[in-house]
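So the sequence lines, in the order shown, correspond to chains P and D.
For what it's worth, my numbering labels the leading residue of the first sequence as 1, then goes sequentially.
For what it's worth, my numbering labels the leading residue of the second sequence as 1001, then goes sequentially.
Hints were generated in silico from the structure; no laboratory data involved.
Be careful, since some hints might not be right.
Here are some of the chain D residues that sit facing chain P, going by a computed Cβ distance under 8 Å [stated by the list, open to error]: (1) T1053; (2) L1145; (3) Q1146; (4) S1151; (5) F1168.
Residues of chain P clear of chain D, computed beta-carbon distances all greater than 10 Å [said to hold, decoys possible]: (6) G139; (7) N167; (8) Y200; (9) E255; (10) Q278; (11) N324; (12) Y342; (13) L406; (14) P441; (15) K464.
A virtual CB, placed ideally from N, CA and C, is assigned to each residue, including glycine.
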Amino acid sequence: MGNNNENRQFDAIVIGSGMSGGWAAKEFCEKGLKTLVLERGRDVKHLKDYPTTNMNPWEFKHRGRIPYEIEKDNPVISKCYAFKEDAMHFFVKDNEHPYVQEKPFDWIRGYQVGGKSIMWARQTQRWSNFDFEGPARDGFAVDWPIRYNDIADWYSYVEKFAGISGNKDGIDTLPDGEFLPADDLTCVETYFKEQVAKKYTDRHVIYARCAHLTKPNDIHLQQGRGQCQKRNLCQRGCPFGGYYNSNSTTIPWAEKTGNLTLRTHSVVHSIIYDDQKQKATGVRVVDANTKETLEFFAPVIFVNAAAYNTNLILLNSTSNRFPNGLGNDSGVLGKYVAFHNYRARVSAKYDGMLDSITDGRRPTSAYIPRFRNVYKQETDFLRGYAMTFSASRGTKQNNDGFGNDLKTKLLAEPEFGPWYVGAGMMGETIPKETNFVTLDPVKKDEWGIPLLKISIDYDDNDEKMIQDFFKELTTMFTDAGFIDIKTSDSKQAPGLDIHEMGGVRMGNDPKTSMLNKWHQLHACKNVFVTDGASMTSTSTQNPSLTYMAFTARAANYAVEQLKKGTL
Amino acid sequence: MNRRTALKNCFIVTAGVAFIPSCMQEKSKSSLLLKNIKISSEQEQLMADLSDTIIPTTDTPGAKDVGAHLFALMMIDECYQPDEQKKFMSGMEAFQNLTKKKFDKSFSKLTPQQRTELLTELEAKKDEKDNEVVAFYKVAKGMTLQAFTGSQYYLTKVRVYEMAPGRFHGCVPVKAAKA
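Next up, chain D with everything else stripped away, as it sits in the complex (with noise of 0.2 Å):
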């Protein structure tokens, strides 16, 4: 599939976040023009289901809603050099190959019990040097981390963001300060 196809699903991918209110609407997830990194449609769709089973949507957004597998994909492509960009590439085929070994099947088609147990086994090497299929997946959640936390969302409903304090209390009981 070229880009221009991997492109357009995920226009469609994001069209189904719409019931989200508007402000929690991130401004970067309709604008994925890769430069450096080539994607397949599948390799996105992954992408984005591993950022859903980090942090999934429930009764309050996750990372899908935030957008977080398509500012994932453009901040590889866009502030990686391109040797940690070939890490993540193969790193990511690694981790497909992996599945397709273990459960003769996509991550996208697997259970979420699947799902579970495939990134229970990966947490627990996280530790492991010179894995790849760890080292994409510890790339991929930082980013699904940094994309949630630095999100709208989560800057304006969770942990409020305050861009003018107005003050300064150089001391105060743990319990009177604003996160």
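The shape of chain P in the complex, shown without the other chains (with noise of 0.2 Å):
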């Protein structure tokens, strides 16, 4: 790595391969560019590099358990639901690149090829106009430079490639898209749908659109990918390739043109500007192995480091032109960061319909997209929430006793328990200047740039938000006779939810925003950002789809532009 002939030299330089990165490297490779991808951590090829894929439970040693001497060292990390024994190699554990915490921040992240897209939840609702004119409507961050119809040609081109399966629902607040077809609602799911469907109009119980390949189409096989297979071990590494990740798709689609080369352990430091030109003009690199500083030059730059370290780079890409961060002039580089609420649950159990149960397994759940505040202002708090939704029967086991006795009990046919429902509330919060990403002025990692600071927490209206969600999720599970109800918050820090968001916001005015409508740095146009960090405002619905589409349209717009010969 690193040697002299190395070619420096390409046609577009995409920071990061995960959920946004893939994206751009696919279009860049497809429409003819010499694309450098240069990711911080290591390769992962698919099927290659998924050491527990086909492991069965036993063969564990620690059963899935985390033993308590990483637990002990990794606080953070240990947090998250999927850090087990089985994927904990795809996170970064706390002590690999530290931050600064001013406030408690639980910051998950992955760090190789493929990002964290190995191990997401593979929810991919559409965000819809209620999500892009919220700002403007209720009066703050700034107006999204766009609306739903920009964007929604791009969500279909997405979702056929990548493969999202789904219903078409009609919902004004979800729109519909191109699907797959979907899995069944469980018993109860579908009683529950009929239950609020009699009450309310505004109220929909759904199945959860999710990118599980459960019908391939001719795309998905040319991708060499096949038919989920319903292991519910996604986090590990699909050996079918039944859902997205870049590693199965993106990457190696890119990989075919021979326009890709993708560069490991490559830690950005910052992004080149050349004051003459007035643009930037490449990128500054530190190899991981070596510790070696190289630069490497594309007439144009995209910035998929995943939200906070897409923040770290260009707050750390300073110049005579940018003291303060590329393209900073506004000043609001890092602030406006938001986030999704996730602390509040409401479970129960229901004793109806025991004669039924499920069979197999199913990657997702039901959802209840978003229902307050949606077509006016009515309650005291802004925006509103959506939520995941199950019902689920697991089996029932005594384990009283010793001896023949217990045993003949633990051999026998199982007894299966009630049916245990839950909704996960997934709050919008509200991008406010007070919550923000800036450097530590002294510290520094191993790669000498310096350590991120962040200073985010809930407000008043996320508190609020928590207490309409429990009481209307109450009302409902009554009505629909459940028992045992139970509300729980679970107070966790923000960023366990994952889905950080903002910092490099778009916006139509560059004295309050960063990029314009085309995710361009308002004040150098050759740099794009199409990751988390170019949110405006965080909707209830997961983010990632969103974030391949906004990747997929401006890197066709990027091309073009080059063509014309205005970057």
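The task is to assemble the complex, starting from two chains supplied on their own in separate frames and drawing on the hints.
Encoded structure:
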């Protein structure tokens, strides 16, 4: 690596190979651009580098549990639901890349080719105009410079290629897309859907759309992917390519063109700005193995390092023209970051439908789109929440006693317990200037780059929303005849939702935003940001699908502009 | 007895289950290398006999055959916090003392009737808090259950684990479902 023969000049540079970087790579390579993808971590090849994917439960030494030694050394990442023995090798350990928590923030990261697209929860709900028009209507953040119509075709474009399973539900708040067949709802999910429909016209219980090949099309077979086998072991990487990740889909597709150079172990230090040319000319990289500093050049640069690392790179890209970070004339870089409020849950039991059960496994759940403050403001808090919803039955095992008596019970046919139902809140949070990330003035990481300092907290709006969710869901569950209804607030710090967004927000006005409607820095047009950092507001829906659509749209725009010579 | 001797004994115990078909052998059996807790060979034997009393070998494999006590000790050594490990160890000593006091013998020398008597008594007290013998017994039993129901034997012969079911039916009659 880093030898003198290494090519340093490309047509495009993409920083990051995850959810959005993979799409930039695919679009550029398909259009004939010699593309360099810089990945700070190691390579993870589809199939080959999923070491646990075919392991049986008994083959895990600790049966999935994280040894205390690791848990003790990693208080942050150990909080993540997917950080278990089978997938812990895909997560960044606490000491591998420290950061400063001015307020508690659990920063969950995956540094490898594919990034977090390997371990994501694969939920792919479109955003609607109720989301894109939100800030303007409700007077927070700044107006999005785009609307649903700008992005609708690009949603279709990425859905067809990635493979999204879902139903056409015809709901205003959750536009329909290009769907592969949906899986079933469970008996009690269907029952609840009917109960809710009897009482409300604006509340819907639907199948949660997800990035799974329930029935692959030709394009998916061409990618070498096959049908989802309902293993529900997705976080390990899938031997069938049954769900979407960069490793199985966009990166190999880009590689096939012969136009991709994928450089791993390449930690981006900063983007190089040329004061004479008045544009960015390349990227400064620290080779993680040799610690050598290298420079790579291209006329267009896409920053897809995952939201906060994208902020970090821009903040660290200083020059005479941009002493406060690349493109940061407005001073808003790093500010107005937000996330999803995942603290609250309502659970219950249902004693009906005990003659029925589910069979097999399902890689998703049911979903209740946002119904609060949609058509008009109706509560004392802004915005609203969507919910995951699921109803399932487990086996009931009596473990009383010992000896032959106990053994007989263990060997007997299992009995099934009641239906357990649960709803998890996904609350929109309001981006604020007081929630920000910045560079620590003193502390640096092992690559000589300042540590990111994170200062983010909940506010009164979030607390009120949680109470409303508790009240509404308790009513809906009570009406459906569910029993033992319990509300719980995990009080988890921001970050554990793994939906951090903003800091490099889009907007029409360069005085109050960083990016224009094509995701170009207002003040440095050949640098694009299309990952979570670009989000002006958070919506309630899982954001990955929107990052993918944004990236494909912006990459195609960038190619057009390159051809026109305007970059 | 030092740890090396204890380990040697553990291999002998392991060899004792060689009659179990190879498909039922557990990988973790011969890898007992304790880093944090110190277990004497008597205590290891106690754990083996206790797990065998909880889920005995009959005409089908029991806890001993899936190496449950080795799994339990490894898990307590590697996954428990230091204060939980301390509690487990002092509970085990209290269990040993109780056995000596009651029967004037170690657990491993008790007759099946005496073992049953002792465990029946502990089961009856299972809701007692602050009883360290009961606390120890509950951890040992919990680990024995986890080792047994999470074993290759159990998940291939009793409740068959399907790695790739390839299907999801949202609502079927209970009898049609594979548990």
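So, going through the hints one by one against the coordinates:
| no. | hint | verdict |
| --- | --- | --- |
| 1 | T1053 | holds (6 Å) |
| 2 | L1145 | holds (6 Å) |
| 3 | Q1146 | holds (7 Å) |
| 4 | S1151 | holds (6 Å) |
| 5 | F1168 | holds (4 Å) |
| 6 | G139 | holds (43 Å) |
| 7 | N167 | holds (13 Å) |
| 8 | Y200 | holds (22 Å) |
| 9 | E255 | holds (27 Å) |
| 10 | Q278 | holds (56 Å) |
| 11 | N324 | holds (45 Å) |
| 12 | Y342 | holds (25 Å) |
| 13 | L406 | violated (6 Å) |
| 14 | P441 | holds (37 Å) |
| 15 | K464 | holds (35 Å) |
Consistency with the previously given hints fails for number 13 only.
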